[in-house]
Amino acid sequence: MALNVKLEAFEGPLDLLLHLIEKNQINIYDIPISELTDQYLSYLEGLDKLDIDIASEFLLMAATLLSIKSRMLLPTEKTGDMQKEACAGADREDPRMELVEKLMEYKKYKMIAMVLREKEEKESRVFKRKPEDFSFLFDGEICLSEVNLDDLILIFTRIIKKGKIEESQNLKTILKDPLPLRVRVKQVYKILLKKKRMFFREFFQENSSKLEIIMTFLAILELIKLNRARVDQERLFGEITVVLKEGG
Amino acid sequence: MDRDAAIGILEGILFAAGDPVELKDLAKVLEISEEEVLSLIHDMKQEYNSKNRGIMISEVGKKIRLTTKVEIYPYLEKLLNPQIRTQLSKAALETLAIIMFKQPVTKAEIESIRGVNVEKTLNSLMERNLIREVGRLDAPGRPILYGTTQECLEYFGLSSIEELSEIKLSE
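Here the protein sequences line up with chains A and B, keeping their order. Take the first sequence: its letters are residues 0 to 247, numbered as in numbering that gives the first Met the number 0. Take the second sequence: its letters are residues 0 to 170, numbered as in numbering that gives the first Met the number 0.
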């Protein structure tokens, strides 16, 4: 059975397991591991595509479940009747115990997270006054004795953030292109008209600026597009030859 | 000092400050002990509890603050159309919950409890100043230890983390 829930809805494999346990009203201390594994795996299969980062966490849990399942099947483990009575910590031999403990611990923090959500909501409905600006009282003298590193970091990030906002509102000056593409296209074409054929690297001088190299490269691309030139390369990483297309 | 006068002074200070004020600073300016300040605050809370008051006094960590009451919010909403600040994600809340009770705690410990990678979550919590580095664990790799900040208590309006553990225990 595939659950009609998206992967993002769960905060990880433990969250998904808890969901399955609650959905099936399973006693967490006596998990029918085989059934749960099947459901868990079919859920993973039901996903169209797996984001490998997230999926790896879910797959690790799948492997853990399978490992527990196989350990449960081992004949040496005669826990058959005891399983039903097994409760927290009572049966250390139960291969499910470690997982149960993990689930219980995770569940605890999930509950706390829910309480935090309530608190957060309540807090967002409470208003504080903006602190009064007392700076006029200090006559230029600022006492820094009680300022610690954390305060400085906080203030610094606030200022930077504010600066960013103001910066983004400022107008920016765009410099005039010192080497417009169409000029370079003409230059390259002229060279090519004369030489008919030359190596790609020959277009650059050793002291060419980055801008020149980029512009030359773009100019050659442009000439190819305009059907005035073509490029050949015999093998991978080999020399690139630029050839003039006559009457193109 | 006259108790009523002291309460009036406290109210005035908290109003002027806006931001939560350190308990020890209040004690210092009033020249009384912190316990006495807390007892005054207790009385003020009772007074503010009455329906004819729109503000309340609360403790966040070792600081005291004056805010509007939650009940006032619907009316402020009508008046100001405030934008509710963005909520923390479920992942962030779970991670914070773990840090709150396990601090100082390493990333690896948090990940082992949550079963997922928490790198991004930790970064965003750091950016929001809800957690901070509190040191390094004396273990191979010297991993960073994380703890919660005063801002974290203020964000949730908590007087202390123990306030939450009561819920945890009753569960």
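Since the hints were made in silico from the structure, they are not lab data. Remember, it's a predicted structure, so these values are computed and weren't measured experimentally. Where is the CB? At the ideal position from N, CA and C, for every residue including glycine. Check the hints yourself; a few may be wrong.
[Said to hold, decoys possible] Some, not all, of what chain A presents toward chain B, calculated at C-beta under 8 Å:
no., residue
1, 13
2, 128
3, 153
4, 185
5, 189
[Claimed, not checked] Calculated cross-link-like contacts (lysine-lysine; reagent style DSSO-like; alpha-carbon spacing at most 30 Å):
no., chain 1, residue 1, chain 2, residue 2
6, A, 185, A, 109
7, A, 160, B, 61
8, A, 127, B, 106
9, B, 61, A, 121
10, B, 62, A, 109
11, B, 44, A, 127
12, A, 106, A, 68
13, A, 101, B, 89
14, B, 50, B, 62
15, B, 23, A, 127
16, B, 61, B, 77
17, B, 27, A, 127
18, A, 107, B, 106
19, A, 106, B, 23
20, A, 121, B, 50
21, A, 107, B, 101
22, B, 62, A, 107
Checking against the hints above, which ones are violated?
Of the numbered hints given earlier, those the structure breaks are 4, 5, 6, 8, 16 and 19, listed in rising order.
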